[in-house]
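This is what each chain is made of:
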Amino acid sequence: MSFFDLKGTLSPFSALKQFGRKPHTIQYPKEDKEAADRYRGFHYNEMEDCIGCGNCSTICQNAAIDMVKVEGQEASKGDSGLRPRVDNGRCCWCGLCVDVCPTGSLSLTKDYLYVSDDADSFLFTPGLDNPGGKDNVSFFSTKESSLNDFARIPMPELEGKERIKSFAEVVLGYNEAEARAEASRCISCGLCSEVCPEHMHIPEYINAIAGGNDQDALRIIYDNNPLPEMCGKVCTRRCEDVCAIQTRGEAIAIRWLKRYATETADNAELIREIVNPEIKEANGYKVGIVGAGPSGLTAAYYLALRGFDVSIYESNKQAGGMTMYGIPKYRFPEDSLQKQIDYITSIGVKIHFNTSVGKDISFEEVYKQNDAVFMGVGFLKPWTLGIEGEELKGSEQAVTFLHAANSGLQVDVGDKVAVIGGGNVAIDAARVSARMNAEVTILYRRRVEDMPADWEEIEGAEDEGINIVPQAIPIKFHSDETGRIKSVEYLKAKMVPDEGGGRPKPVPIEGSNTIVEVTAVLGAIGQQGDYSFLKGEFEEKIKTERGRFVVNEFQQTSDPKVFAGGDAVNRTADAISAIADGYRAVKGIEEMLMKKA
Amino acid sequence: MREKATTLYIGPQHPGITGNMMIRLKVEGDTIVKAITEVGYLHRSFEKLAERRNWLQAFTLMCRFCVPEPDPVEETYSRAVELLEGRSVPDRAKFLRVLVLELARISSQLLWYGGQGASLGLYTIGQWSVGDRNYILDLFEELTGARVYHMYIWPGGVRRDMPEGFEKRVLKTMDYLEGRLDEYEALMFDNAIFKKRTQGIAIIDKEKAIEWGVVGPPLRGCGIKSDIRIDDPYEVYEHLDFEIPVYEGGDIWARALVRRDEIRQSIRIVRQVIKEMPGGSYYNKVPNPQKWTIQKGDAYARTEAVRGEIGFYVVSDGSNHPRRAHMRGAAYVHGITLLEDILKGANVADVSSIMNSLGTCPPEIER
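First to last, the sequence lines map onto chains A and B.
Okay, so the first sequence: first residue is 1 according to this note's numbering, each after it adds one.
Okay, so the second sequence: first residue is 598 according to this note's numbering, each after it adds one.
Bear in mind the hints are in silico, worked out from the structure with no lab data behind them.
Treat the numbers as computed from the prediction; the structure is a model and nothing was measured.
Possibly wrong hints are sitting among the right ones.
DSS-like, lysine-lysine: derived pairs with alpha carbons at most 27 Å apart [as the list claims (entries may be wrong)]:
#1 A/280 <-> A/381
#2 B/793 <-> A/17
#3 A/595 <-> A/280
#4 B/805 <-> B/631
#5 A/494 <-> A/505
#6 B/941 <-> B/601
#7 A/7 <-> B/793
#8 A/33 <-> B/893
#9 A/77 <-> A/143
#10 B/882 <-> A/143
#11 A/329 <-> A/165
#12 A/561 <-> A/350
#13 A/7 <-> B/792
#14 A/22 <-> B/769
#15 A/33 <-> B/765
#16 A/165 <-> A/381
#17 A/22 <-> B/765
#18 B/631 <-> A/17
#19 B/822 <-> B/793
#20 A/17 <-> B/769
This is chain A alone, in the form it adopts within the complex (with noise of 0.2 Å):
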């Protein structure tokens, strides 16, 4: 370029035409510019949606997100009452805590300007410190676009006309790459452990199961609860009804969880080699007591680790409780409870069998012999239906004819059964009359949805042609010429709300009478407790109050040294209501005898 590039020069100055080009980004008057609809701004959190699961929190990279307490927003089952509080300081917009969000309720909008010099208005609770931002929202959570992971791996299980020829168990359990699978799914949130009655440590167990660290979550899970197998297999599992994952989608199988993790040890010495417990060395209290149901199991296991001298006394021949009596054996194997009272008694509880305490053994004896007592006696006498007929042959109670059923005694219910009742008792004697070829009908008064047993359950029943007929009210029980029952007649009922707030009320219409032939009806509409074992001056000092006995905080009676749990006493009246009550009285009676010490 020796000489001069005259295009060089001028071409440049094409540059000039733009002196004839609109502008693009001036505007006068200023307009904001209106950012996409997808744009990634400020925070904005449903508060009525959130749940407080704190998986915004854990997500954040930045650590940009704490869980505070909001005012407005208080705790309950399912919501930890806290909210996510979003540092704008360190926050980078990345937005993974929306595709953490399981319930969607936290979300980005299109609000990107915010000029303040106090630094602490950059800390944020979305939703409370900017309501507008709900018509903003922009970046937003859809189940599509979410990290969470809905679906639940399902269990495998027997077909149901398969189930139906043998008491053999219907849920196979999981393999162990779906345990690995389905406990991979959880967030660790902890709400669950905040509603299991016992505070189970359930993130722990599943993060260990997640983890392929069978053996530590055994160790987690024997950490409170000395039936696992038992919950693993038949809890209520109030748990999965607050998970977080189930705002959206299905809840994590904790049940099943711990059913894979407890059946990874399939002896009572695996059980004990693994857990390896600490048992301390005696401290010469005795306790005595009564039931050997899953509370008096579990109060006799941790007071036997703490040192003291445990003897259980029970009236039937096996332990257990209602879950060996009351719970048929293709939800609950014997030898899976088997296993689980081995591993109890191998650690030093001794359990007198056949011993029933108010005729055997009287209970001011127990009461003598022993430092402490703790009930855990259960509620073993049926409701009756009150109506007509109901003493006929072939008219029986439901724990009955489960008693016998489970005790291997041979029952007759003839080819057509109806059950009365809605709860777990009615399902489970409407299955076991499937499994003796019955054809069974079930009358509930309320619709299904109202149905106190377990959803899955109902659906078991479903499977395997059980008949469910909802609001039907018995009004009789007809019998043949031999006095034996015939027939059930019922009045079909109509839901009426109910004024008072409560769940809608079955009103009988009047003429709807319907009769079914029946050869066996099975009541099953509640228990109650059987408290005649409390004779003389017991039954004055313990007190009870409708049916169940009054306790405080450790389960302690109105007899100091006397203690009880398990359904006589706590109004869920299920397993692990029971474990817990029996978890609670040992300390109290640790505290108690301790302490005088």
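Starting from the structure of chain A, add chain B where the hints point.
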């Protein structure tokens, strides 16, 4: 008469350099006799931070390796993780990724236009190109929700599908940009000043370029046809029709021409991608990030980023976070070894022009 050497410091804050770093120059008159680079002013330890994040969290760090071109780093990390885990990616996601990568290439080249122009005192170029780049950022905002740090390409695919009518707006922007390229040509490449300040300046020796591992436009400006998109195709590049611009000379001018032509090739790719975009899913969902573990092993993925080849080496110890996430980028070679060498004998006034032409990116050196 021999002039006495003096020491000049450029940086760490200086409008002419491409990020916070410093160069100590020993000069005699206007001529540099020795250049010593000093980095460490931007150290942000992304690689180390990644080891304390889970596999998914770590992806949000990747865009920060280099501000002008965040997407190739995201893509390379994601693909390395996918290779390591053996996770497949839906076809639509691959096309969307290429769309983003090529839009990012155009946007980055436009930003480079600005830097290269401004380093020579030609400020109009920068005003135009940064303005035009904004149209691409608008597209990014629409597709990803963010303008610069998109955090869009993640392991398993991409985060969101295209919004409705997005294809049309992309094509419209491409038509607009294509029309603008001739105007840039007149303003920049026909410009006597630009030619005079770039031709024959800072020549990279071909043999040295290969030996030292120079990559990208500086390598292609030495007459060597090397591009990962062709040499080791990833995503869907093997199905696309495009050319690799190569120029002889090894000087700033040749590197500039490579970049200029690449914009046209990228527009060509974007049009093909839009035309051939398959339907279906855009995301092969990864498991719950908290518990997403990857089996023990390691993997290496490489990409033709705007500044040249970048690679990601990821190692898993079987846990839910990377044991190591190491990035190999262009900036170390270009910004330290090559720069120190090439500055020898150069004019002080050319320092920032040379840095721009090499595409150094200090945050990436100090990753």
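To see whether the hints hold, each was checked on the structure:
At most 27 Å may separate the alpha-carbon atoms for a hinted pair to count; residue 280 of chain A and residue 381 of chain A exceed this at roughly 38 Å. Restraint check for residue 793 of chain B and residue 17 of chain A: the C-alpha separation of about 25 Å stays at or below 27 Å, so the hint holds. The suggested pairing of residue 595 of chain A with residue 280 of chain A holds, with an alpha-carbon distance near 17 Å, which does not exceed 27 Å. Under the criterion of a C-alpha separation no larger than 27 Å, the hint pairing residue 805 of chain B with residue 631 of chain B is consistent with the structure, at around 18 Å.
Restraint check: the Cα-Cα separation between residue 494 of chain A and residue 505 of chain A comes to about 8 Å, which is no more than 27 Å; the hinted pair holds. Simply put, residue 941 of chain B and residue 601 of chain B have alpha-carbon atoms about 16 Å apart, close enough for the 27 Å limit, and the pair holds. A hinted pair counts as satisfied when its Cα atoms are at most 27 Å apart, and residue 7 of chain A with residue 793 of chain B qualifies at roughly 13 Å. For a cut-off of 27 Å, the pair hint linking residue 33 of chain A to residue 893 of chain B is broken: about 48 Å separates their Cα positions.
With a C-alpha separation of about 24 Å, the suggested pairing of residue 77 of chain A with residue 143 of chain A holds against the 27 Å cut-off. For the hint linking residue 882 of chain B to residue 143 of chain A, the alpha-carbon distance of about 11 Å falls within 27 Å, and the restraint holds. A threshold of 27 Å between alpha carbons decides the hint, and for residue 329 of chain A with residue 165 of chain A the separation of about 13 Å falls inside it, so the pair holds. Our distance criterion of 27 Å between C-alpha atoms is met by residue 561 of chain A and residue 350 of chain A, whose separation comes to about 20 Å.
Taking the CA atoms of residue 7 of chain A and residue 792 of chain B, the gap is about 12 Å. The hint holds against a cut of 27 Å. Between residue 22 of chain A and residue 769 of chain B the CA atoms are separated by roughly 18 Å; this keeps the pair inside 27 Å, and the hint holds. Between residue 33 of chain A and residue 765 of chain B the alpha-carbon distance is near 21 Å, which keeps this suggested pair within the 27 Å criterion. Between the alpha carbons of residue 165 of chain A and residue 381 of chain A the distance comes to roughly 30 Å, so the proposed pair goes past 27 Å and is violated.
This hinted pair checks out: residue 22 of chain A and residue 765 of chain B have alpha carbons roughly 23 Å apart, not beyond 27 Å. Our distance criterion of 27 Å between C-alpha atoms is broken by residue 631 of chain B and residue 17 of chain A, whose separation comes to about 44 Å. Under the criterion of a C-alpha separation no larger than 27 Å, the hint pairing residue 822 of chain B with residue 793 of chain B is consistent with the structure, at around 26 Å. Between the alpha carbons of residue 17 of chain A and residue 769 of chain B the distance comes to roughly 22 Å, so the proposed pair stays at or under 27 Å and holds.
Comparing the model with each earlier hint shows violations of hints 1, 8, 16 and 18; every other hint is respected.
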